[in-house]
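Colleague: For chain A, the structure is supplied; the task is to place chain B on it using the hints.
Sequences listed follow chains A and B, in order. Using this note's numbering, read the first sequence as starting at 1 and increasing by one per residue. Using this note's numbering, read the second sequence as starting at 328 and increasing by one per residue.
These are calculated hints, taken from the structure and not from any lab test. A couple of the hints might just be wrong.
As the list claims (entries may be wrong) - FRET-style restraints, in silico, Cβ to Cβ:
#, chain 1, residue 1, chain 2, residue 2, range
1, B, Trp422, A, Leu306, 50 to 60 Å
2, A, Arg236, B, Val339, 42 to 52 Å
3, A, Asn61, B, Arg335, 37 to 47 Å
4, A, Arg236, B, Gln510, 33 to 43 Å
5, A, His275, B, Gln510, 56 to 66 Å
6, B, Tyr593, A, Val32, 18 to 28 Å
7, B, Asn369, A, Lys37, 40 to 50 Å
8, A, His217, B, Ile356, 34 to 44 Å
9, B, Trp422, A, His217, 20 to 30 Å
10, A, Thr28, B, Arg353, 44 to 54 Å
11, A, His275, B, Tyr593, 47 to 57 Å
It should be emphasised that the depicted structure is a prediction, and the values quoted were computed from it without experimental measurement. Quick reminder that beta carbons are idealized off the backbone N, C-alpha and C, glycines included.
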Amino acid sequence: MSEAAVHVADLRKTFDVPEREAGLRAATKSLVRRKTKEVRAVDGITFDIAPGEIVGFLGPNGAGKTTTLKMLSGLLYTTSGKARVLGHVPSKREREFLRRISLVMGNRNQLQWDLPALDSFELNRSIYQIPRDDFLATRDELIELLEIGDLVRKPVRQLSLGERMKVEIVGSLLHRPQVLFLDEPTIGLDVTMQKRIREFVAAYRERHGATVMLTSHYMADVEALCERVIVIHHGRILFDGDLAALASTVAAWKTIAVALENGAGDLSAYGEVIHRDGDLVTLRVPKADTARLTARLLAEQEVLDLNVEDPPIEDVIELVFAREIEE
Amino acid sequence: MSMYGTMRAELVGAGGVVERNAYLTRRYIWWDLAWFAWTVANTLTIVFIAKGIEATGGSLNVNETMTTLLIGAVVWAYLGILFMFLMETVSWERWEGTIEYTFMAPLSRAMHLAGQGVFAILYGLVRATFLFVVCAFVFFDLSMPNADYFAAFVVLVVSSISFIGIGVMMSVLPLISPEKGPQLGFVAQGTLLVVSGVYYPVEVLPQWMQWIATISPATYALDGIREAILEGQGLTAMWDEIWPLLIIGAVSIPLGLWIFSRGEQYAKKHGKLKRSG
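Bound-form chain A, shown alone (with noise of 0.2 Å):
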C-alpha cells in the first residue's frame, strides 16, 4: 500500500480560553488574576487517507474540523500527537509541502477585495514559482470550467458570495495541489452554485488525482463527493468509514414510501408514520423487518409506488451525536 497522502495519529490540540463572570467586578478583578479554561479543540484523533481519497469531515460547529485542517496546513500547531502531509509536518512550513497542498475556506479569502482576482493569481504565480505557460494553461483552464471569464477583471469585492467562491477556488488550485483541504466551500451558496461547485471538485480530483478532505454542514455535498466519512464531535471521531455503512451501522431502522391508489389510509399496523403528504405516507420500520413489512404492503394495500430508503444521512449524522451525549 503506497504511503498515505494524510496520516494523523492521536493528534490533540488545547487552547488555553480566558473566561470570567460578568460585570466590572469581575472585568477588574481578571486584571490581576485571570482565569483561563483549557479548551480541548482536537482530543486524540487518528486516521489516514489514501492518495487520491475524497473523505467528507463532518461535525457540529465547533467540533474540531477547522482546528484539524489548519494543523494539517501548518497554520496552527500542535499540541501533541503526529501530523503527516504527503510526508511532511505541516507545522515545519517546508516549501515542497506548501506548493503541494491548499485550504479553501468558505469564509475566508485569499484574494484582495479591492484586485481584480487577475492580479492576485499573478501574485499566486510569482510566489508558488509556477511558470508562465502552465500558470496561464491551468488559470485558462480553470476558468472555462467555472465559467468565470467575465468576473476575474472585476475587483473582488464587486462579487456576488457565489463569484467569489469560484474565483477563490482557481486562485487556491492554480499551483495544482495534490492535497485538497475543503472547509466549507459551499456556505452560504444557492443550490445551484453548491452543484456547481461539486461538480468542480470532483472534476478536478478525477483530472488530478488529488486528495480531498471535505467539510460541509451540506449533506447534499458530502452524499455527492465522498464515500468515506469521517464524523468528529467535541473533537474525538465518532465514526470513520464508508458514507453507505454509516446509515446501517447506526440507524436501526429504514424509511418506506408509498403511494396507494385509494388513497393514504391508516399504515400504522406496518409501521411508524413519521410523515404523510397528501397520498404519499413516509413509515419508519426495523431495519430488519424491512423486507417482510414491504412484502405484506405489496400483498394488502393497492400499491402505485413504493420506496424503500436509508434514513437521511442527516438523522444519521444527529443519531451519532445523540448517542455520543448518551455514553
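Modeller: Quick look at chain B alone, frame taken from chain A:
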C-alpha cells in the same frame, strides 16, 4: 531545488509582494493624494513654528530653523510610512481576511517581509521627496544654496535598513494583539524620534535620553540629512553617520526577523492567525 533555484524562487516571491503592494497603492491613489495633503498640512504646522517665533520677537535664523524643522517633519512622515506598511503585513491582511493564506504561502517570512519593506522604502522615498519639495519650495521658498541632495538621499536610504529592522519588530505586535497591536507602531515611531532630535538638537535632552539617542538610527539619519542640506556636506564627510546606520541595520534586521518568527510561533500556538483574532 538548488540553492540558486531556492534563492531565485524567494526573490521572485518577494517581487510578487512588491507588485501586489503596487497594485493596492494604484487602487487607492486618489486617497493617497488626500492623505498626502494632510501630511503637507501637518508638516506646515511644524515649519511655521520658526516664523511664529520670529513674529513674536524671537531671534533666530528663520531660513535655517525652518529647514531644520522641515527635515525633522519629513523624516517623521517617512518613518510613519515605513512602519505603516510593515504593520500592515499583519493588520491589513487580517482586515482583508487574507492572513491565513499569506502565511500558508511557500515564501520564507524573511522574503515576505523584505517584499513589504522594499515597497515601503520605494513608496516612502517618493513621498518624502515630494513632501520636501512641496513644503520647501512651493510653500516657503526656502534657500538651500549649499545643499547636497544626493548625499541626503543616500543617508535616508541607508537609514531605511535600520528602520525596516525596527519596523519588522513592531509588525509582530498586531500578530500578538489584533485589537491594540497596530497602535503601538505609533508609540515606537514617536519614541524613536523624540530621543533622536527630530525638531531640536539631541544635546538638549536629558543625559539618559541622549544615551538612547546613540543607538537610534533616526539620530544619525537626521544629523546626516541636516549636514547635507544645511552645510552641503558630501557623502565622504558623512561616514560618521553612515557606519552606525549600517551597524544598527545589521543588528536590527536579523533581530526583527527573529522577533517576528517568535510572534508567528506564538500566533500559531494560540490560534491568533485568523481574521477575528
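Colleague: Please go over all the hints and tell whether each is borne out by the structure.
Modeller: Status of each hint after checking the structure:
A beta carbon spacing of about 57 Å between Trp422 (chain B) and Leu306 (chain A) agrees with the range 50 to 60 Å that was offered as a hint. The hinted window of 42 to 52 Å between Arg236 (chain A) and Val339 (chain B) holds, with their beta carbons roughly 44 Å apart. Evaluation of the 37 to 47 Å hint for Asn61 (chain A) and Arg335 (chain B) yields a pass: the beta carbon distance comes to about 44 Å. The hinted window of 33 to 43 Å between Arg236 (chain A) and Gln510 (chain B) holds, with their beta carbons roughly 41 Å apart.
Restraint check, His275 (chain A) to Gln510 (chain B): a C-beta distance of roughly 58 Å satisfies the suggested window 56 to 66 Å. The hinted range of 18 to 28 Å is satisfied by Tyr593 (chain B) and Val32 (chain A), whose Cβ atoms lie roughly 23 Å apart. For Asn369 (chain B) and Lys37 (chain A), the hinted distance range of 40 to 50 Å is satisfied, since their beta carbons lie about 47 Å from each other. For His217 (chain A) and Ile356 (chain B), the hinted distance range of 34 to 44 Å is satisfied, since their beta carbons lie about 42 Å from each other.
Under the hint 20 to 30 Å, the C-beta atoms of Trp422 (chain B) and His217 (chain A), about 27 Å apart, fit the expected range. Taking 44 to 54 Å as the suggested C-beta distance range, the pair Thr28 (chain A) and Arg353 (chain B) conforms, at roughly 49 Å. The hinted window of 47 to 57 Å between His275 (chain A) and Tyr593 (chain B) holds, with their beta carbons roughly 53 Å apart.
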